[in-house]
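A.B. asks: Chains as they are written, first to last, in numbering that gives the first Met the number 0: chain A, 0 to 120; chain B, 0 to 407; chain C, 0 to 169; chain D, 0 to 312.
Honestly, the hints are just simulated from the structure, not real lab data.
Glycine included, C-beta positions come from ideal geometry on N, C-alpha and C.
Keep in mind that the hints are not guaranteed to be accurate.
Listed below are several chain C residues computed to face chain B (Cβ distance under 8 Å; list not exhaustive) [claimed, not checked]:
#1 28
#2 70
#3 102
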Amino acid sequence: MKKTGPGRITFRAIKNLFKKPATTSYAGKGKPCVEKKYRGRICYDKTDCINCGLCMRDCPTGALKIINEGTKEDKKLKAVLNVGHCIFCCQCVDSCMKKCLTYSQDIDFATTNKADLTVEL
Amino acid sequence: MSENISNNNKIVLPIGPQHPSLDEPGRFDITLEGEKVVNAVVGVGYNHRGLEKVCESKNYIQDLYIIERVCGICSHSHSTAFCMAVEELAGVTVPQRAEYIRVVVAELERLHSHLLWLGVACHEIGFDTMFMYTWRDREKVLDVLATVGGNRVNYGINTIGGVRRDFNETINSEILKTVDSLEEDIKRYLEIAMTETTLISRLKSKGKLSHEDALKYGAVGPVARAAGIAIDIRVTEPYGAYKEIPVNVITDTNEDVYGRTAVRILEMQESINIIRYCINNMPEGTLTVKVPRRIPAGEVIVRVEAPRGEDIHYLRSNGTDIPDRVRVRAPTEANWHGMKHMLKGGNLADVPITIAAIDPCYSCTDRAIVISSEKNTEVMDWRGLRRYGIDWYKKQNIDLTSLKIKEV
Amino acid sequence: MNREEAIVNSICGRFPFLADRIYIQKDKRIFTKSLLREEFEQVIAYVHDELNFTRVSHVVGTDDGENLGLLYIFSGSEDILLILRESVPKSNPVIKSISDMYPSIVLHERELVDLFGVVVEGLPEGPHYPLPDGWPEGNYPMRKEWNPKHFNKDTMTYEEPQEKEVQKNE
Amino acid sequence: MIEFLKILCKLFIFPGFLFLSVYSFLLDFLDRKLYARMQNRVGPPWYQPLADFLKLIGKKTIIPADANAVIFSVMPLVSLAAVTVGFIYLPVLGKEAIFSFSGDFVIVLYLLAIPPLAAFLAGWYSRAVYSTIGATRILTQMFAYEVPLFISVLAPTLIAGTWSITELTGFYAAHPLYIFINLPVAITALISFQCKLERAPFDSPEAETEIVSGALVEYSGRLLAFFKLAHNCELLFVISLFSAIYLPFMTGIIWVDFILYIVKTLFILLLLILMRVTMARIEINNTLNFCWKYLAPVTLGQVILNLLLRGVL
Numbered sequence: 000m001k002k003t004g005p006g007r008i009t010f011r012a013i014k015n016l017f018k019k020p021a022t023t024s025y026a027g028k029g030k031p032c033v034e035k036k037y038r039g040r041i042c043y044d045k046t047d048c049i050n051c052g053l054c055m056r057d058c059p060t061g062a063l064k065i066i067n068e069g070t071k072e073d074k075k076l077k078a079v080l081n082v083g084h085c086i087f088c089c090q091c092v093d094s095c096m097k098k099c100l101t102y103s104q105d106i107d108f109a110t111t112n113k114a115d116l117t118v119e120l
Numbered sequence: 000m001s002e003n004i005s006n007n008n009k010i011v012l013p014i015g016p017q018h019p020s021l022d023e024p025g026r027f028d029i030t031l032e033g034e035k036v037v038n039a040v041v042g043v044g045y046n047h048r049g050l051e052k053v054c055e056s057k058n059y060i061q062d063l064y065i066i067e068r069v070c071g072i073c074s075h076s077h078s079t080a081f082c083m084a085v086e087e088l089a090g091v092t093v094p095q096r097a098e099y100i101r102v103v104v105a106e107l108e109r110l111h112s113h114l115l116w117l118g119v120a121c122h123e124i125g126f127d128t129m130f131m132y133t134w135r136d137r138e139k140v141l142d143v144l145a146t147v148g149g150n151r152v153n154y155g156i157n158t159i160g161g162v163r164r165d166f167n168e169t170i171n172s173e174i175l176k177t178v179d180s181l182e183e184d185i186k187r188y189l190e191i192a193m194t195e196t197t198l199i200s201r202l203k204s205k206g207k208l209s210h211e212d213a214l215k216y217g218a219v220g221p222v223a224r225a226a227g228i229a230i231d232i233r234v235t236e237p238y239g240a241y242k243e244i245p246v247n248v249i250t251d252t253n254e255d256v257y258g259r260t261a262v263r264i265l266e267m268q269e270s271i272n273i274i275r276y277c278i279n280n281m282p283e284g285t286l287t288v289k290v291p292r293r294i295p296a297g298e299v300i301v302r303v304e305a306p307r308g309e310d311i312h313y314l315r316s317n318g319t320d321i322p323d324r325v326r327v328r329a330p331t332e333a334n335w336h337g338m339k340h341m342l343k344g345g346n347l348a349d350v351p352i353t354i355a356a357i358d359p360c361y362s363c364t365d366r367a368i369v370i371s372s373e374k375n376t377e378v379m380d381w382r383g384l385r386r387y388g389i390d391w392y393k394k395q396n397i398d399l400t401s402l403k404i405k406e407v
Numbered sequence: 000m001n002r003e004e005a006i007v008n009s010i011c012g013r014f015p016f017l018a019d020r021i022y023i024q025k026d027k028r029i030f031t032k033s034l035l036r037e038e039f040e041q042v043i044a045y046v047h048d049e050l051n052f053t054r055v056s057h058v059v060g061t062d063d064g065e066n067l068g069l070l071y072i073f074s075g076s077e078d079i080l081l082i083l084r085e086s087v088p089k090s091n092p093v094i095k096s097i098s099d100m101y102p103s104i105v106l107h108e109r110e111l112v113d114l115f116g117v118v119v120e121g122l123p124e125g126p127h128y129p130l131p132d133g134w135p136e137g138n139y140p141m142r143k144e145w146n147p148k149h150f151n152k153d154t155m156t157y158e159e160p161q162e163k164e165v166q167k168n169e
Numbered sequence: 000m001i002e003f004l005k006i007l008c009k010l011f012i013f014p015g016f017l018f019l020s021v022y023s024f025l026l027d028f029l030d031r032k033l034y035a036r037m038q039n040r041v042g043p044p045w046y047q048p049l050a051d052f053l054k055l056i057g058k059k060t061i062i063p064a065d066a067n068a069v070i071f072s073v074m075p076l077v078s079l080a081a082v083t084v085g086f087i088y089l090p091v092l093g094k095e096a097i098f099s100f101s102g103d104f105v106i107v108l109y110l111l112a113i114p115p116l117a118a119f120l121a122g123w124y125s126r127a128v129y130s131t132i133g134a135t136r137i138l139t140q141m142f143a144y145e146v147p148l149f150i151s152v153l154a155p156t157l158i159a160g161t162w163s164i165t166e167l168t169g170f171y172a173a174h175p176l177y178i179f180i181n182l183p184v185a186i187t188a189l190i191s192f193q194c195k196l197e198r199a200p201f202d203s204p205e206a207e208t209e210i211v212s213g214a215l216v217e218y219s220g221r222l223l224a225f226f227k228l229a230h231n232c233e234l235l236f237v238i239s240l241f242s243a244i245y246l247p248f249m250t251g252i253i254w255v256d257f258i259l260y261i262v263k264t265l266f267i268l269l270l271l272i273l274m275r276v277t278m279a280r281i282e283i284n285n286t287l288n289f290c291w292k293y294l295a296p297v298t299l300g301q302v303i304l305n306l307l308l309r310g311v312l
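This is chain A alone, in the form it adopts within the complex (with noise of 0.2 Å):
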């Protein structure tokens, strides 16, 4: 048994004043840097889309809504995405055969307007 007794981390707290703080302080600073690995916002490219569908048959919440406008033969692609449905699991990218959706590093999203959270990519 090792000696025990109390205030076994005074020296390491004494320590921690002279070095620079963990955190840092977030509000208002701007937006936080990320990894580029990170999954956050997907992005959508309507070049190469053929409208499968297969990104909303996998999307666990419904979040994701690709909508034609046009006709069959002349079309005119929209994805629209509900941020605040999104747990940004990234499967539509997965699912994706033509590589039309990437994710972003974009995190940030907090908003006081429910409405503001339904993007259009």
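Given chain A, work out where chains B, C and D should sit, using these hints.
C.D. replies: Frame of chain A; chains B, C and D shown alone:
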């Protein structure tokens, strides 16, 4: 007041559903005689979200992400269990490399879960400095997990039939670097836990659950191992890459919170060894194997060792792409049963740490559509307070009446 | 003869009616086909007292159409899982609590009560789990016919839509 | 007239109430900042305690229906008043306090006991479960630390042979080496002061994770603000008392002495923070055990030693 304090000097102290020592809602009615706990009623179920019902209406790929969100901390073990169940029904074998990656992520998750627990436990006993230190070190693990998986907690590394992301040299070296620095931290925690008098006095012989009781109440994970039961699914029923990786089962004979702390700290050390082994012995190969969307009919029970203990998934399919029944038995669910037993006879001061010591995960237990039940709130004048709040906001030109909150 | 077969043989020796209803699914998993209530009660005492399956992991409720299936998952000192399946009719789902032998089953049995509407005889008094106290009677969410879309969260009532059928008729 | 204004000025501005509250805010800030930095966090900005105070002042005060409204609303002021009055007798500038008379030590000790009692009454008459338990714990803790605290504060007076703080400080300032005799009680006093201030590791009366915030759980708005202010002032009060009794080093030049006073208070604060940082919360029964098993005998030994020395010196 009058209902809380009865004649013979007994006080019924409600801890929860909202209480600083609980991370999630749960209710514990503690009957006190002075400072001594004479009875405890455990009430859980506040987090029931009906995930199992949701799973019965979505296909397997969607379910994977829903199951992953059963719990925020042991998400990987739930998704691993679900994947293993589906793969077993489909009759496919996952590539070796994928199995190794799963193990690395699982062990990183264990590190992060145990560090989180250590912090919470220290906070419960009023040792906030240790709390901050452990959570600071936990960030390192989370950063690695974010690089590996893409998210900080629900990594989404698993997919049915393999894993979604590969490891490369940079990730390997980053993991090894993190693990090296963590090893030193863990040694320090162990030393503090062994030598700090105030810490020991708060943990020793608190929340006793003897070997027999642990067996009787079906405790799992570190709670059982701290009572001397060598049960670890990684060893007793190896799955995935654990069939090849040497794992030591950490047990302790203290049967109390102190033992659970020691077990968890030593398990972190063991996890680090496993991660090193995996990184050094990782086979080359593909990441995924094709799994049909329609899973053949059948049923399967899968066990996985989550950081909190044994995680059991039951899956039954009926030949379509939608499961017939999914049942998740989260580890915490097994540990609740002994809680009353652990609380009784202790002091009020021991209640938070005893509850925390099983590393409770209320969401896990309840797997749970939160249905608001304001009917049960016992606030003295709830309606008045709410009215006041609405009026106050009205003065600030914010109208809250459009929000639909049920009147009591 | 491996351990699984030994267990199966010992159960079959004691309960001949089980012989064609118990099977080894794979390593460490022994399943039984549906047992009736009386059969189940006999077997469970034997399993607990003599085969030393002293831990119950959980009980899975399943909706099998006419019947409700209950899968009790037992484990013991050995790492083999023994799954006993009990079948009760939906119209009269009464089972007997096994909480006197396995104290850790209480929470799971409560869950059966709330989610499947099983009547558990001998279950100790206690709070609802996992549904809230104000949950309406006769609503059992995990039964297949219960559709969450028809449940009104604000009034806490389940309204079976009749309009839909009318539409179908049209 | 000018004499009267001078006294008023001393009472309310410097080193009276205004100085007390401003400096106690500063100490509270330093307390939180250093606490945060020792935990490797950034910590609050310098105006945080003041901002908190102003925010609380602006909030609505809710008095529970079951509570005794009079006691509930008077207790914060009683607590604040006791601390403010007590501070008058403590030397800030050099060895001179604003007021002093030959028995002021006893007054100060009495006033020192009032804030915990006020918190106890406030908690007890809040009529809530958490506050009742918190109040009981406050009282239990008082039984634990009162005796060691009083004896360790009074032991130095035995050598000095006076019951006036000013004279005591003067005596030790003249004979600085005598202080080292009192070192054991200085340590016990520091621990009992920490206990009195209900700071970790002795914070079980307000243990957040067990009883939310103990006796003051029902307090809100202005009343809570005054309790917080009183608590901050109590911190400064206790630190000043400690420095007056155990660290009475001074030069005689008034502004140098004032700087010395600041340095001394900051040093004591650092010790108090260190205690708070490095230990887990001790259970209430262990606090009782600790105080009576270790602190009380040490202080009693010191008393006997000091009485013997008195005969020698």
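A.B. asks: Now, for every hint given, state plainly whether the structure supports it.
C.D. replies: Now for the hints, and whether the structure bears them out:
1. For residue 28 of chain C, the shortest C-beta to C-beta distance to chain B is roughly 6 Å, which falls under 8 Å, so the interface hint holds.
2. The criterion of a C-beta within 8 Å of any C-beta in chain B is met by residue 70 of chain C, whose closest approach is roughly 7 Å, and the hint holds.
3. Restraint check, residue 102 of chain C versus chain B: the minimum CB separation of about 6 Å is within 8 Å; hint holds.
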